[in-house]
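**Student:** In the order they appear, the protein sequences are chains A and B.
Residues in the first sequence are numbered from 1 upward in steps of one, following this note's numbering.
Residues in the second sequence are numbered from 110 upward in steps of one, following this note's numbering.
No lab work stands behind these hints: they were computed from the structure.
The beta carbon of each residue, even a glycine, is placed where N, CA and C say it ideally should be.
Fair warning: there could be bad hints in the mix.
Taking lysine-lysine and the DSSO-like style, the derived pairs with C-alpha atoms no more than 27 Å apart in a straight line are [as the list claims (entries may be wrong)]:
(1) Lys4/A - Lys129/B
(2) Lys129/B - Lys239/B
(3) Lys4/A - Lys239/B
Chain A stretches covered by chain B per the calculated footprint, using a threshold of three residues with CB under 8 Å from any CB of chain B [what the hints assert, rightly or not]:
(4) 25-31
(5) 93-100
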Amino acid sequence: MDDKHAEHARERSRYIRGFLFALALTMTAFGIGHLYGPQTRFVYLAIGVLGLLQLIVQLAYFLHIDRRRESREDLDLILFSTMVLLIIILGTVWILGDLHMRMHMGMEM
Amino acid sequence: MSHSDSQSYPGINLGDIDPKQQQRVETVQFGFWVFIMSDLVYFGLMFAIYITMIDAQAGGPGPHDLFDLRSLFAQTVLLLTSSMTVGLASLALKYHLGLRRVYFWLVVTLLLGLGFLTLEIMDFMNMAAKGGVPQRSGFLSAFYGLVPLHGLHVATGCLWLVILMIQMRAIGVTDQIKSRLMRFGLFWHFLDLIWIGIFTIVYFGGLAYG
Numbered sequence: 001m002d003d004k005h006a007e008h009a010r011e012r013s014r015y016i017r018g019f020l021f022a023l024a025l026t027m028t029a030f031g032i033g034h035l036y037g038p039q040t041r042f043v044y045l046a047i048g049v050l051g052l053l054q055l056i057v058q059l060a061y062f063l064h065i066d067r068r069r070e071s072r073e074d075l076d077l078i079l080f081s082t083m084v085l086l087i088i089i090l091g092t093v094w095i096l097g098d099l100h101m102r103m104h105m106g107m108e109m
Numbered sequence: 110m111s112h113s114d115s116q117s118y119p120g121i122n123l124g125d126i127d128p129k130q131q132q133r134v135e136t137v138q139f140g141f142w143v144f145i146m147s148d149l150v151y152f153g154l155m156f157a158i159y160i161t162m163i164d165a166q167a168g169g170p171g172p173h174d175l176f177d178l179r180s181l182f183a184q185t186v187l188l189l190t191s192s193m194t195v196g197l198a199s200l201a202l203k204y205h206l207g208l209r210r211v212y213f214w215l216v217v218t219l220l221l222g223l224g225f226l227t228l229e230i231m232d233f234m235n236m237a238a239k240g241g242v243p244q245r246s247g248f249l250s251a252f253y254g255l256v257p258l259h260g261l262h263v264a265t266g267c268l269w270l271v272i273l274m275i276q277m278r279a280i281g282v283t284d285q286i287k288s289r290l291m292r293f294g295l296f297w298h299f300l301d302l303i304w305i306g307i308f309t310i311v312y313f314g315g316l317a318y319g
């Protein structure tokens with residue numbers, strides 16, 4: 001029973017730590033966005049990095065995804081989906097961005 | 110696979126049930142992960158469309174005229190907090206801390222979800238009042254294709270949570286109900302992950318490049 005109690009405290013503190021991490025990352029992102037404006041090149045880069053960090057924090061603390069054997073199937077699934085997603089997003093942005101640029105060039109000529 | 114490990118399955122786990130049942134639950138849970146990942150691909154497509162449409166404002170109102178960062182911040186905090194409370198609800202269930210505490214955290218989660226939706230709908234109404242309606246430009250069509258899609262997911266999640274609580278009351282906390290709560294928690298955490306993408310790419314990205 002005492003064992004259970006300690007386990008519960010450990011798991012609860014994991015959720016709370018995850019929440020505090022995510023909250024700190026969110027507040028930093030909004031803080032620098034508000035202070036400097038996201039138009040500044042490096043500010044938006046920083047916001048992007050903070051967003052990525054928060055994704056990792058939430059996956060680890062809330063969804064319990066890590067490299068342990070039991071969650072490896074899920075990790076594989078997530079990594080595969082991420083790959084599909086990156087191909088879709090980067091491919092779309094590349095092709096349409098290229099098209100966009102060429103059409104503007106055509107108008108200027 | 111050892112079941113003494115308290116976190117033998119990612120997401121939420123049930124605590125003590127017999128191994129055969131555990132096996133079944135894990136299969137169903139993995140299937141739900143597959144659904145979530147296909148949903149993620151759908152969201153990914155909408156993100157891709159939005160990114161290519163940021164410039165397509167057709168002289169209509171753009172991100173700087175429409176986005177309200179203060180409301181966005183409030184929505185973000187509400188959703189993030191609800192992601193923690195759903196985790197606390199599952200812990201209360203797992204460690205037998207009493208049904209009252211499970212209900213308490215689930216109701217808090219529901220209220221936070223509804224608060225998020227209220228703020229979001231108010232945002233959309235403010236945007237519409239400034240002329241930011243879906244048919245105005247490609248940018249706004251892409252925006253309304255993506256952000257309310259997430260909102261619809263949250264609304265569905267709220268409905269799911271209400272049904273789940275009614276079921277808990279009607280048939281008690283069976284293994285099946287526990288496994289449903291696990292999947293609900295997974296779904297809810299996933300929506301918070303999507304929201305990180307939305308405030309980073311749609312809102313800040315829109316302000317940076319729009």
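**Student:** Each hint should be assessed against the structure and marked as holding or not.
**Tutor:** Status of each hint after checking the structure:
no.: 1; hint: Lys4/A - Lys129/B; result: 23 Å, holds
no.: 2; hint: Lys129/B - Lys239/B; result: 58 Å, violated
no.: 3; hint: Lys4/A - Lys239/B; result: 55 Å, violated
no.: 4; hint: 25-31; result: holds (count 3)
no.: 5; hint: 93-100; result: holds (count 4)
Checked against the numbered hints above, the structure breaks hints 2, 3 and satisfies the rest.
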